[in-house]
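K.L.:
Quick note: the sequence shown uses our numbering, first residue 4, plus one each step.
I should point out that these hints are in silico values taken from the structure, not numbers from a laboratory. Careful, some of the hints might be misleading.
Label-pair restraints from in silico Cβ distances [unchecked claim]:
#1 109 with 201: 33 to 43 Å
#2 48 with 71: 35 to 45 Å
#3 157 with 258: 34 to 44 Å
#4 163 with 208: 13 to 23 Å
Subject to a maximum C-alpha distance of 16 Å in a straight line, what follows is the list of computed EDC-like cross-link-like pairs (lysine to aspartate or glutamate) [claimed, not checked]:
#5 84 with 129
#6 84 with 53
#7 11 with 172
#8 48 with 110
#9 11 with 178
#10 118 with 18
#11 127 with 92
#12 48 with 18
#13 127 with 110
#14 197 with 155
#15 127 with 210
#16 118 with 213
#17 127 with 213
#18 118 with 210
#19 126 with 152
#20 48 with 178
By construction, the Cβ of each residue, glycine as well, lies at the ideal position given by its N, Cα and C atoms.
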Amino acid sequence: MQISEILKSITHATDCQVMVTPDWLQGRATFGGLVAAVGNEAMRKLVPLERPLRSLQTTFVGPAGANSPWTVRARVLRVGKAVTIAHCEIFDAGQIACVQIGIYGSDRESVALIKPAAGSAPKKVDELHDVQPHEQVPFIQHFGIRWAEGAEPFSGTQSPTKAFIRHRDQAATSESHVVALIDCVPTPALSMFKAMAPASSLVWTLELFEHDLQFGADRWWRIDTDIDAASGGYINQTGLLHDPDGRPVALTRQLVAAYG
4 MQISEILKSI
14 THATDCQVMV
24 TPDWLQGRAT
34 FGGLVAAVGN
44 EAMRKLVPLE
54 RPLRSLQTTF
64 VGPAGANSPW
74 TVRARVLRVG
84 KAVTIAHCEI
94 FDAGQIACVQ
104 IGIYGSDRES
114 VALIKPAAGS
124 APKKVDELHD
134 VQPHEQVPFI
144 QHFGIRWAEG
154 AEPFSGTQSP
164 TKAFIRHRDQ
174 AATSESHVVA
184 LIDCVPTPAL
194 SMFKAMAPAS
204 SLVWTLELFE
214 HDLQFGADRW
224 WRIDTDIDAA
234 SGGYINQTGL
244 LHDPDGRPVA
254 LTRQLVAAYG
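Could you build all of it, start to finish, from the sequences and the hints given here?
P.N.:
What follows is the structure in structure tokens.
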């Protein structure tokens with residue numbers, strides 16, 4: 004099932020039923036980026052596109068499974084002159100799986116203008132090969148992922164990572180497509196492990212500061228991710244997303260639980 008099919012099935016914001024197939028699983032739960040994208044798409048039924056997504060705060064309360072419909076409930080908390088704040092909950096089998104706050108805001112005049120410097124990758128995307136899906140993480144089949152720098156998962160070495168990423172879905176790229184795309188690369192903490200071990204995102208904050216995100220499906224984006232701190236089985240990490248033209252467009256921060 005393609006992500007565009009899942010997003011198109013979200014026709015309303017309140018008590019919408021969403022079905023996800025097992026090819027989107029990441030262990031026993033559905034890939035978190037897809038869960039977040041579904042919530043954003045539901046909130047978008049209430050918030051006009053003239054107010055771009057500025058921040059998406061996602062808490063993964065419990066696992067959202069596959070082959071049983073999720074119930075998605077979105078509502079607007081406040082509409083201001085420039086900013087709309089929305090809330091979304093996603094339920095699976097009557098149990099809450101995800102809670103989100105979306106901040107959507109139109110531009111306003113300001114003297115503050117600071118943009119992060121664009122990073123670079125040591126290799127070109129055409130010199131690299133796609134990461135192959137693993138039976139425990141079948142969702143990877145929906146993405147092209149090419150490691151440009153840093154240790155790969157379960158290699159026993161810690162280092163920042165840079166990876167080229169894109170959807171395999173050939174549909175036009177939407178804001179919700181980008182939400183899912185940003186999360187497709189695993190935490191760099193997994194590179195410290197020498198054997199397969201699970202990890203699960205608990206809290207994810209995504210901040211977009213550029214909003215012209217419509218690129219062809221064949222174009223490669225890049226995510227640079229590093230660990231800020233790790234202790235007691237919890238990982239604090241940040242990332243910077245570059246669009247296919249090499250321009251930084253989004254910041255991502257996650258709290259990840261690592262089991263091993």
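K.L.:
All hints are to be evaluated individually against the structure, with a verdict given for each.
P.N.:
Status of each hint after checking the structure:
The hinted range of 33 to 43 Å is satisfied by residue 109 and residue 201, whose Cβ atoms lie roughly 41 Å apart. Between residue 48 and residue 71 the Cβ separation comes to about 22 Å, which falls outside the hinted range of 35 to 45 Å. The supplied range of 34 to 44 Å is broken by residue 157 and residue 258, whose beta-carbon atoms lie about 21 Å from each other. Separation of residue 163 from residue 208 is about 19 Å and conforms to the stated range, judged on CB atoms against 13 to 23 Å.
For the hint linking residue 84 to residue 129, the alpha-carbon distance of about 46 Å lies beyond 16 Å, and the restraint is violated. With a C-alpha separation of about 12 Å, the suggested pairing of residue 84 with residue 53 holds against the 16 Å cut-off. Taking the CA atoms of residue 11 and residue 172, the gap is near 13 Å; set against the 16 Å cutoff, the hint holds. A C-alpha spacing of about 20 Å is found between residue 48 and residue 110, which places the hinted pair above 16 Å, so the restraint is violated.
Of the supplied pair hints, the one linking residue 11 and residue 178 holds, its CA atoms being roughly 13 Å apart against a limit of 16 Å. A hinted pair counts as satisfied when its Cα atoms are at most 16 Å apart, and residue 118 with residue 18 does not qualify at roughly 39 Å. A threshold of 16 Å between alpha carbons decides the hint, and for residue 127 with residue 92 the separation of about 40 Å lies outside it, so the pair is violated. Of the pairs offered as hints, the one joining residue 48 and residue 18 holds, with about 12 Å between alpha carbons and a cut-off of 16 Å not exceeded.
Between residue 127 and residue 110, the direct Cα distance comes to roughly 35 Å. Violation of the 16 Å bound is thereby established for this hinted pair. The hinted pair formed by residue 197 and residue 155 meets the criterion: a straight-line CA distance of about 11 Å does not exceed 16 Å. Distance hint between residue 127 and residue 210 is unfulfilled; the C-alpha atoms sit about 27 Å from each other, more than 16 Å. Between the alpha carbons of residue 118 and residue 213 the distance comes to roughly 10 Å, so the proposed pair stays at or under 16 Å and holds.
The straight-line distance between the Cα atoms of residue 127 and residue 213 is roughly 24 Å, outside the 16 Å bound, and the hint therefore fails. Distance hint between residue 118 and residue 210 is fulfilled; the C-alpha atoms sit about 13 Å from each other, no more than 16 Å. Taking the CA atoms of residue 126 and residue 152, the gap is near 8 Å; set against the 16 Å cutoff, the hint holds. Distance restraint check for residue 48 and residue 178: the Cα-Cα separation of roughly 13 Å lies within the 16 Å cut-off, and the hinted pair is therefore satisfied.
Of the hints listed earlier, those the structure fails to meet are numbers 2, 3, 5, 8, 10, 11, 13, 15, 17, in rising order.
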